[in-house]
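Asks: What follows is the residue order along each chain.
There are 2 protein chains.
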Amino acid sequence: MGGKLVECVPNISEGRRAEVISAVVDAVRATEGVRLLNVQSDESHNRSVITFAGPPERAMEAAFALCARAVEVINMNEHRGEHPRLGAVDVVPFVPIANMTMPEAVGLARMLGARLWDALRVPVYFYAEAATRSQRVRLPDIRKGEYEGLKDKMTGPDWAPDVGEARPHPTAGATVVGARRPLIAYNINLHTAAVDVAKQIARAVRESSGGLLNVQAMGVAAATGQAQVSLNLLDHAATPISRVFELVRREAERFGVEVAESEIVGLVPLDAVVDVARHYLRLRGFDREQILEARLME
Amino acid sequence: MGGKLVECVPNISEGRRAEVISAVVDAVRATEGVRLLNVQSDESHNRSVITFAGPPERAMEAAFALCARAVEVINMNEHRGEHPRLGAVDVVPFVPIANMTMPEAVGLARMLGARLWDALRVPVYFYAEAATRSQRVRLPDIRKGEYEGLKDKMTGPDWAPDVGEARPHPTAGATVVGARRPLIAYNINLHTAAVDVAKQIARAVRESSGGLLNVQAMGVAAATGQAQVSLNLLDHAATPISRVFELVRREAERFGVEVAESEIVGLVPLDAVVDVARHYLRLRGFDREQILEARLME
Numbered sequence: 008m009g010g011k012l013v014e015c016v017p018n019i020s021e022g023r024r025a026e027v028i029s030a031v032v033d034a035v036r037a038t039e040g041v042r043l044l045n046v047q048s049d050e051s052h053n054r055s056v057i058t059f060a061g062p063p064e065r066a067m068e069a070a071f072a073l074c075a076r077a078v079e080v081i082n083m084n085e086h087r088g089e090h091p092r093l094g095a096v097d098v099v100p101f102v103p104i105a106n107m108t109m110p111e112a113v114g115l116a117r118m119l120g121a122r123l124w125d126a127l128r129v130p131v132y133f134y135a136e137a138a139t140r141s142q143r144v145r146l147p148d149i150r151k152g153e154y155e156g157l158k159d160k161m162t163g164p165d166w167a168p169d170v171g172e173a174r175p176h177p178t179a180g181a182t183v184v185g186a187r188r189p190l191i192a193y194n195i196n197l198h199t200a201a202v203d204v205a206k207q208i209a210r211a212v213r214e215s216s217g218g219l220l221n222v223q224a225m226g227v228a229a230a231t232g233q234a235q236v237s238l239n240l241l242d243h244a245a246t247p248i249s250r251v252f253e254l255v256r257r258e259a260e261r262f263g264v265e266v267a268e269s270e271i272v273g274l275v276p277l278d279a280v281v282d283v284a285r286h287y288l289r290l291r292g293f294d295r296e297q298i299l300e301a302r303l304m305e
Numbered sequence: 008m009g010g011k012l013v014e015c016v017p018n019i020s021e022g023r024r025a026e027v028i029s030a031v032v033d034a035v036r037a038t039e040g041v042r043l044l045n046v047q048s049d050e051s052h053n054r055s056v057i058t059f060a061g062p063p064e065r066a067m068e069a070a071f072a073l074c075a076r077a078v079e080v081i082n083m084n085e086h087r088g089e090h091p092r093l094g095a096v097d098v099v100p101f102v103p104i105a106n107m108t109m110p111e112a113v114g115l116a117r118m119l120g121a122r123l124w125d126a127l128r129v130p131v132y133f134y135a136e137a138a139t140r141s142q143r144v145r146l147p148d149i150r151k152g153e154y155e156g157l158k159d160k161m162t163g164p165d166w167a168p169d170v171g172e173a174r175p176h177p178t179a180g181a182t183v184v185g186a187r188r189p190l191i192a193y194n195i196n197l198h199t200a201a202v203d204v205a206k207q208i209a210r211a212v213r214e215s216s217g218g219l220l221n222v223q224a225m226g227v228a229a230a231t232g233q234a235q236v237s238l239n240l241l242d243h244a245a246t247p248i249s250r251v252f253e254l255v256r257r258e259a260e261r262f263g264v265e266v267a268e269s270e271i272v273g274l275v276p277l278d279a280v281v282d283v284a285r286h287y288l289r290l291r292g293f294d295r296e297q298i299l300e301a302r303l304m305e
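Sequence lines, in order, name chains A and B. Just so we're aligned, residue 8 is where the first sequence starts under the numbering used here, counting upward by one. Just so we're aligned, residue 8 is where the second sequence starts under the numbering used here, counting upward by one.
Worth flagging that the hints you see were computed from the coordinates, not collected in a lab. Take these hints with a grain of salt, some might be off.
[Unchecked claim] Partner residues are not named here, just some residues of chain A that face chain B (Cβ under 8 Å, in silico):
no., residue
1, Glu-14
2, Arg-42
3, Val-56
4, Ala-60
5, Ile-104
6, Phe-252
7, Phe-262
8, Pro-276
9, Val-280
10, Val-281
11, Leu-290
12, Phe-293
13, Leu-299
14, Arg-302
[Said to hold, decoys possible] Selected chain B positions facing chain A (in silico; Cβ < 7 Å):
no., residue
15, Leu-44
16, Val-46
17, Ala-60
18, Trp-124
19, Arg-143
20, Glu-270
21, Ile-271
22, Leu-274
23, Val-275
24, Pro-276
25, Val-280
26, Tyr-287
27, Arg-291
28, Gln-297
29, Leu-303
Heads up, the beta-carbon is just placed ideally off N, CA and C, and yes, glycines get one too.
Bound-form chain A, shown alone:
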């Protein structure tokens, strides 16, 4: 039960001129039914990350309106910045948040891709869960050569776009569209200042060195002076926060170290928090629609 909810996080190639950024963001603000959650601009990257959410159809409208505006006001031939990019709208990920499957989010990506070509003549690559082949799953592979190398890359054998003809838009380049899981930035602080302990725990729990799937981790020194295991949880539905917390806690025990506290950085989907309660209280048959505030959102 409850309404479908999708998050959309377009990255545009403008992080300096406030009037250009707000012209693009206004396209989201003007779309009924979606909520603008965050705008983060980076001057040295010359890039802005815009986060909004809403029901699928509304999020689709807002994403298209944003792209149309960005194509209008951003000229890639004049763009300089440190972050790799392919176009005026560099990447548009759809993130299923509530009552949405990943295939549905992929469907949204496909629809937006078709519209970008049909209405704006911007060629599109699909990435992540929406990728059409394994070489196009990761953004860095698609971005290689950047806007400046796009014309040559597109006409090569392997890089014809997924939608549209094999030539960049003259001022807006190309756009990467896709679907991915929400990412949770999660830090666990230890009752020790020994960063080396945090590094060893990070190695034990992360996917890349034999630990938990969907978990990235490193050991760092926190601002508090404590050693910290700093994590990205890439799929909280498959690998929930509680499992990560408990494994870090167990690994810390090997060093005689206790977990002091943990911290969720930024936004987290309600389901991830509900799963924590479900785990520790051994909840049976709990539905998120039992949460009063979730009922109010239906």
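Based on the hints, put chain B in the right spot on chain A.
Replies: Just chain B now, kept in the frame of chain A:
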């Protein structure tokens, strides 16, 4: 941050005639900005419990509209039912859910009380957190004598109403208005069929026999065949779910019994679920506005 949210749970003295019930409920449906959450009618009680929620001003409007309609369509002189009651609208509790203090909820109760007398000539008693004296905290004390005894009771020395003159409305009697905490119905099932163990645990954890404040508990047999500690949590902010769960778990250990699972029955405020995550993950500085869905409600 975030919008104020209050729940309102009026009880009306009609649980049989569907057209009368829906006429009253329609007054809530017609009020913009509030969400009807539940309507539960009991034939033998001849009584309906209506649950809705919204921002304070909107909830106040809906509560008043509901009362006005109920006074219009319910005649207490013709009412029979097993549940004690004083009036067409028997009781109207306001329950602070999010970003609301109890004094704010009491303020709402006071405002509604004044309007019921001014506009409808229904005298009002304040109860629970809104009570004006200790004898009026509990509903059973106020309801004693019921509608039929109201005329004599009101003119006695101790029972002048808190608002209005000391005479019942000729068809609608009197109404009790107040503010209370949300109640969480919570069951914990044990890995044993021994109901006696559940009863002993219930005695250990409940307020009435020296346990946790704000906790009611009894030991019963669950439909699953397991022994169950069945609890009401009367103030989850002061006495959180996690504390109750952990104490039940510890007391069960005395009998060599493990907790099998637990169950939240019906609605629960988001804060109560967030507090569970906060406790077990030792979360530092977590704000409910970090939950994506909560941000969308702002």
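Asks: Output the indices of the hints that this structure fails to meet, ascending.
Replies: Checked against the structure, the hints that fail are numbers 3, 7, 16, 18 and 19, while the rest are satisfied.
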